[in-house]
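Engineer: Top to bottom, those sequences are chains A and B. Going by the working numbering, the letters in the first sequence line up with residues 1 to 196, in that order. Going by the working numbering, the letters in the second sequence line up with residues 197 to 309, in that order.
Treat the hints as calculated values from the structure; they're not laboratory data. Hints may be right or wrong, so weigh each one.
Here are the simulated lysine-lysine pairs, PhoX-like style, with alpha carbons at most 25 Å apart [to be verified]:
no., chain 1, residue 1, chain 2, residue 2
1, B, LYS264, A, LYS162
2, A, LYS90, B, LYS209
3, B, LYS206, A, LYS90
4, B, LYS265, B, LYS206
5, B, LYS265, A, LYS90
6, A, LYS84, B, LYS264
7, A, LYS84, B, LYS206
8, B, LYS209, B, LYS264
Chain B side only, calculated, beta carbon under 8 Å to chain A, not exhaustive [stated by the list, open to error]:
no., residue
9, SER207
10, ASN229
11, ILE267
Cβ atoms here follow ideal geometry from the backbone N, Cα and C, with glycine treated the same way.
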Amino acid sequence: MSMDIPYIVDERPDTGLTNGKLGIWLFLASEVMLFGALFSTYIILRMGAPEWPHGELNVWLGMANTFILIGSSVTMVMAWASLKLGEWGKHRVYLALTVLLSVAFLVNKYFEYSHHWALGELPSKSTFLAIYFTLTGLHGIHILGGIVVMLYFLGPGAKMYKTNPGQFTNRIEYTGLYWHFVDLVWIFLFPVLYLL
Amino acid sequence: MHSDQESIRKSIKTYWMVGAALFVFTGITVAVNQVHLAVPLAITVALIIATMKGSMVASIFMHLSHEKKWIYGALILTVIGFIILMAVPSLTINDGIGTPIRVAAPASEHAGH
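Chain A extracted, bound-state conformation:
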């Protein structure tokens, strides 16, 4: 008797979706609530603060990271589109580019964090710094998680393409959905923390 997990390549007749796709969207829904709770916390803290600092963060570094993440979203969707077109080589290049851009984002963030650390601007120093480190730290962990998954698909996970290309393509699509969500969160974090 076969014990294969059903509907990982073909869509379920009732939902019209693969189980993996519905699963990743439910996971992203929970992520919306996680970041939503923190954005709500930010609003409460900001409304309750007698004054809110401006110009604490380097806008140009934040803008550079926004460009980097948007670029990585484009390369990620191109990695999936290349697979759909059967262009394995292009897929590998685009996925590797996405990893490189993600690492560049974290390196940039490292320089920002170390600058704050050097000035003694720790989370305990002010409400603004506490929520800044919480939001960007959690977002950074998501970036790191995405890098680990993408490296797996560039390395040992790539073997699946030979045995089950449909399932591999779907896995890249789910990785992409997660990655675009991480980009989407940053699109809101950038103005909220760096500009307003």
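Use these hints to put chain B onto chain A, whose structure you have.
Structural biologist: Just chain B now, with coordinates in the frame of chain A:
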């Protein structure tokens, strides 16, 4: 399969165009910030642009512009939950939690004095 590949080829052009538009909108956000608008106006403008950028990412890169109804169903529930979360801060202003409640003394006590 062939028509599927054809639609992917058409989408690729859209992906690059949306990427370019997101770059432009990011530049506009920073440029507007350099003008030093009043805080309420600055917040409104920045959040409108961020919402436009987020919508582009969700609808084009995440293919939400043509998804199945089960995904939309899950997302509608998420949006409702998100709106409730965003409304929570207003409760901290408008509620009476922590405010002492003054109960009027019974009429019989007044009569005795």
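Engineer: Could you run down the list of hints and mark each one as holding or not?
Structural biologist: Checked hints:
1. Among the hinted pairs, B/LYS264 with A/LYS162 is inconsistent with the structure: their alpha-carbon atoms are about 29 Å apart, more than 25 Å.
2. Straight-line distance between C-alpha atoms of A/LYS90 and B/LYS209 comes to about 16 Å, which keeps the hinted pair within the 25 Å bound.
3. Simply put, B/LYS206 and A/LYS90 have alpha-carbon atoms about 17 Å apart, close enough for the 25 Å limit, and the pair holds.
4. In summary, the hint linking B/LYS265 to B/LYS206 is supported, as the alpha carbons are separated by about 24 Å, within the 25 Å threshold.
5. Distance restraint check for B/LYS265 and A/LYS90: the Cα-Cα separation of roughly 32 Å exceeds the 25 Å cut-off, and the hinted pair is therefore not satisfied.
6. Taking the CA atoms of A/LYS84 and B/LYS264, the gap is about 19 Å. The hint holds against a cut of 25 Å.
7. For the hint pairing A/LYS84 with B/LYS206, the CA-to-CA distance comes to about 13 Å; that is within 25 Å, so the pair holds.
8. With a C-alpha separation of about 23 Å, the suggested pairing of B/LYS209 with B/LYS264 holds against the 25 Å cut-off.
9. At about 7 Å, the closest approach between the beta carbon of B/SER207 and any beta carbon in chain A falls short of 8 Å, and the interface hint on this residue holds.
10. This hint holds: B/ASN229 has a C-beta 4 Å from the nearest C-beta of chain A, less than the 8 Å allowed.
11. Proximity of B/ILE267 to chain A holds as hinted, the smallest CB-CB distance being about 5 Å (cut-off 8 Å).
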